[in-house]
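If you want the building blocks of each chain, they are given just below.
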Amino acid sequence: MPNMLWLQGGACSGNTMSFLNAEEPSACDLVTDFGINVLWHPSLGLELGENLQKMLNGLVSGEIPLDIFVFEGSVVNAPNGTGQWNRFAGRAMKDWVSDLCKVAGYVVAVGDCATWGGIPATAPNPSDSQGLQFLKRSHGGYLGTGYTSKAGLPVINVPGCPAHPDWITQIVVAVATGRGGELTLDEFQRPKTFFTSFTQTGCTRNMHFAYKVSATEFGQRKGCLFYDLGCRGPMTHSPCNRILWNRQSSKTRAGMPCMGCTEPEFPFFDLAPGTVFKTQTVMGVPKDMPTGVDKSGYIKLTAAAKAASPRWAEEDIFVV
Amino acid sequence: MSDMMDAGLVTQTEPFPETEKEFAGLLNELRALDPDDLEGKMVVSGFVNHPYGPDEARCLECMYYLVHRQWCDLPELAVPVEANWWCRLWRI
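If you read the sequences in order, they're chains P and L. Under the working numbering, residues 291 to 610 are what the first sequence spells out, in order. Under the working numbering, residues 37 to 128 are what the second sequence spells out, in order.
Check each hint, because a few of them may be wrong.
[Stated by the list, open to error] Where chain P lies over chain L, by a calculated footprint (3+ residues, C-beta under 8 Å): (1) 47-57; (2) 86-97; (3) 103-113; (4) 121-128.
[Said to hold, decoys possible] Below are the DSS-like pairs computed for lysine-lysine, each with C-alpha atoms no more than 25 Å apart in a straight line: (5) P:Lys541 x P:Lys426; (6) P:Lys482 x P:Lys426; (7) P:Lys392 x P:Lys440; (8) P:Lys577 x P:Lys512; (9) L:Lys57 x P:Lys585; (10) P:Lys568 x P:Lys585; (11) L:Lys57 x P:Lys568; (12) L:Lys57 x P:Lys577; (13) P:Lys392 x P:Lys426.
These are calculated hints, taken from the structure and not from any lab test. Computed from a prediction, not measured in an experiment: that's the story for all the values here. Each residue gets a CB set at the ideal place from its N, CA and C atoms; glycine is no exception.
Using the sequences and the hints given, assemble the complete structure.
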């Protein structure tokens, strides 16, 4: 029975909430169907005070095997590298992280804060936050570039703000059932099975993207959100339109631009007012092109696509 | 609109709004106009009845242009336009 421990650093608990909403498999399935022993979790753990300290010390000493260490939230180093702004069970959380990562079979970073620092690490980063093995795009983070867990893998990054519930539980099940070695990770240590395709893959607005018809206001069901409303779906790696949220929908399907939350730079544009839901342009051309597309090709494609667009592309085809 | 431009209506084609703030500033100017003030909309948005700039940009490529309706779908403008026209709210 593999032991799993879930701790939370500088976080909003969003990934905990997400995890508890998982469906395929659910958090309960982890225990009942896959035999995972959830040693402790911020919302499910029973032990408190000395009992919790005793368990954590038992894990650090090796008395209790730690098969899967899941970490949510950033590693807080402030003030002055002590980490005392984020204390847990009698010491700085970052010290627990150091010790537990040394003995863990697998380490899974869940959410943007644990993967690359997320919003807490956005400049000026007052809490001196880092992700476990990245700080934004820079490899290293708190554990350093050379870190591998006892199973020989680096930190497995499951980003998102929050990560989709089923991304979390499916990765936990994979490592708990001995299939961790089958995981292939991309350059940011994200499982390729989830993070090779784009958010745009499967988006119901793809027809409007193809024919260059823009949504110009929130709530429109016609039009693509990329052209004017800041959608980052064409350059964000995630399966949000393949593995739907709540099994029902996705941001872009519901008319909400993708904010690129599975990429290391999130939040883009450093939360400057007026930049989040507005496509950034240079002389009217998007600053960030769909991945792999250059400016001249984009302009030619646009002219051809618009000239060839059918009449229905300008109409609302999702009639209630 | 075509008649007004043929008659020599002078519009503000420059400066091109390079930043989102400048773009939003033009939208605010348009919102302050009477919705029926067509000439005012044309002047503020810098309409011309031909392609414009080194790239010969046209309404045809603009994201707000609806080809079949020959219509500018930018809510602050919402006017009939020709594919070969241009204005400084052009975005692709």
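Structure-based check of each hint:
A count of 4 residues in the segment 47-57 of chain L with a Cβ less than 8 Å from any Cβ of chain P is obtained; the coverage claim is therefore met, three being the minimum. Given a C-beta distance limit of less than 8 Å, the hint that chain P covers the segment 86-97 of chain L holds, as 4 residues qualify and 3 suffice. As drawn, the segment 103-113 of chain L meets chain P at 6 residues by the rule of a beta-carbon pair under 8 Å; at three or more, the given contact holds. Against chain P, the segment 121-128 of chain L contributes 3 residues with a C-beta closer than 8 Å to a partner C-beta. That satisfies the three-residue criterion, and the hint holds.
At most 25 Å may separate the alpha-carbon atoms for a hinted pair to count; lysine 541 (chain P) and lysine 426 (chain P) meet this at roughly 23 Å. A hinted pair counts as satisfied when its Cα atoms are at most 25 Å apart, and lysine 482 (chain P) with lysine 426 (chain P) qualifies at roughly 19 Å. Restraint check for lysine 392 (chain P) and lysine 440 (chain P): satisfied, since their Cα atoms lie roughly 8 Å apart, inside the 25 Å limit. The hinted pair formed by lysine 577 (chain P) and lysine 512 (chain P) meets the criterion: a straight-line CA distance of about 23 Å does not exceed 25 Å.
A C-alpha spacing of about 22 Å is found between lysine 57 (chain L) and lysine 585 (chain P), which places the hinted pair at or below 25 Å, so the restraint holds. Using a Cα cut-off of 25 Å, the hinted pair lysine 568 (chain P) and lysine 585 (chain P) holds, with the two alpha carbons roughly 19 Å apart. Straight-line distance between C-alpha atoms of lysine 57 (chain L) and lysine 568 (chain P) comes to about 10 Å, which keeps the hinted pair within the 25 Å bound. A distance of roughly 15 Å separates the Cα atoms of lysine 57 (chain L) and lysine 577 (chain P); the hinted pair therefore holds under the 25 Å criterion.
Simply put, lysine 392 (chain P) and lysine 426 (chain P) have alpha-carbon atoms about 23 Å apart, close enough for the 25 Å limit, and the pair holds.
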